[in-house]
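With the sequences and hints as input, model every part of the structure.
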Amino acid sequence: MSKPPQLKRHSPLRRAIKVPVWADVFIRLFAALALIFFVVLIHWADRSGLVDHHDGDVSFLDVIYFTMISVTTTGFGDIAPVGDRARMIEALIVTPIRFAVIFIFVGTAYNFIIKRSWETWRMARIQKRLEDHIVVLGYGISGAEAVAELIERGTDPRRIVVMERDSSRLALAEEAGCNVMEGDASRDETLEAVRIASAKAVLVSAGRDDTSILIVLTVRHLAPHVPITAVVRADDNEILARQAGADNVINPVRFTGLLLAGSAEGKYISEYLADLASVSGRVQLFERAVTAGDIGKSLEEVTGENKGLRVYRKGDAIGFWEAGADHIELGDIIVGIKATVTDESR
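Residues in the sequence shown are numbered from 1 upward in steps of one, following our numbering.
Derived from the structure by calculation, the hints contain no laboratory data. One or more hints might be untrue.
[Claimed, not checked] No farther apart than 16 angstroms at their CA atoms in a straight line, the calculated lysine to aspartate or glutamate pairs in the EDC-like style are these:
hint, residue 1, residue 2
1, Lys307, Glu287
2, Lys338, Asp275
3, Lys338, Glu305
4, Lys338, Glu265
5, Lys200, Glu131
6, Lys314, Asp247
7, Lys314, Glu300
8, Lys297, Asp247
9, Lys297, Asp326
10, Lys200, Glu305
11, Lys267, Glu287
12, Lys200, Asp156
13, Lys338, Glu301
14, Lys200, Glu287
15, Lys307, Asp326
16, Lys128, Glu192
17, Lys338, Glu300
18, Lys297, Glu322
What follows is the structure, encoded as structure tokens:
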């Protein structure tokens with residue numbers, strides 16, 4: 001198998017802001033006004049160094065007026081600093097504050113006009129290209145391992161969308177090259193934003209069984225035909241997850257128990273099970289639909305040099321030793337084992 005493509009860092013599908021828009025605007029406006037008020041106090045304390053060419057008297061209103069035109073660099077010249085100390089204050093204190101106020105307002109304009117327009121455009125471009133992609137809902141330990149395994153198996157990370165509420169975890173997914181979106185995976189609007197109905201598969205690993213089941217319900221409502229795999233940890237929740245619409249339910253606790261039990265039966269059984277589960281092992285499980293040329297043949301014939309294990313026919317599992325595996329039918333799904341080809345083994 002060829003090496004996976006070189007990973008690149010891609011822009012996120014969307015980044016949620018830390019605070020609401022109105023709160024961010026208020027914070028910026030308050031910071032600017034606080035700086036201006038600070039300059040007013042300095043000018044008032046040193047008003048003796050100012051001269052008013054209009055009436056010769058520098059009142060508090062004159063100080064406010066002079067501060068505003070000074071900070072905004074308008075400078076009409078009717079009030080001007082004439083003393084040495086006043087000029088030093090303008091040069092060393094007022095000028096840096098002037099730049100700070102300008103940067104605050106320019107930054108606000110960038111965040112709420114330019115940046116938002118850019119992110120909206122970027123999101124639209126990414127959404128337009130999302131087709132037959134894999135959506136990973138939850139980027140905890142299980143979700144991160146699933147993404148790493150998908151990439152190692154050759155899946156282009158640009159075809160993976162990770163949705164998570166923890167921004168620090170999203171940063172890790174973005175470093176892997178995935179599209180990311182910070183949001184609640186149980187909400188219709190966030191799932192629709194990643195084109196859930198056009199996905200190839202959905203992997204749900206929210207960390208809590210109740211949350212995962214709620215997410216499965218929401219996904220199945222929006223994408224009736226997309227395969228869903230969910231991770232649950234309690235045995236009694238497996239049935240609920242399937243009833244919610246999950247096609248596959250994985251219980252990591254039970255799988256760990258299988259590995260432990262296998263190790264008790266023999267030294268290498270658990271090792272082989274782990275080998276099967278990962279693309280980095282010497283053997284790998286595969287699943288495929290039958291083709292027209294497979295119909296009528298036996299499972300052994302259609303798998304060739306690989307090892308056929310099961311035939312799934314209308315939801316029923318038929319083992320390689322059973323009579324139904326001797327005659328492949330249209331619509332069957334084949335599951336088997338194949339060797340993992342590496343550069344060293346060629």
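>> For a quick check of understanding: which of the numbered hints are violated here, in increasing order?
In response: 4, 7, 8, 10, 11
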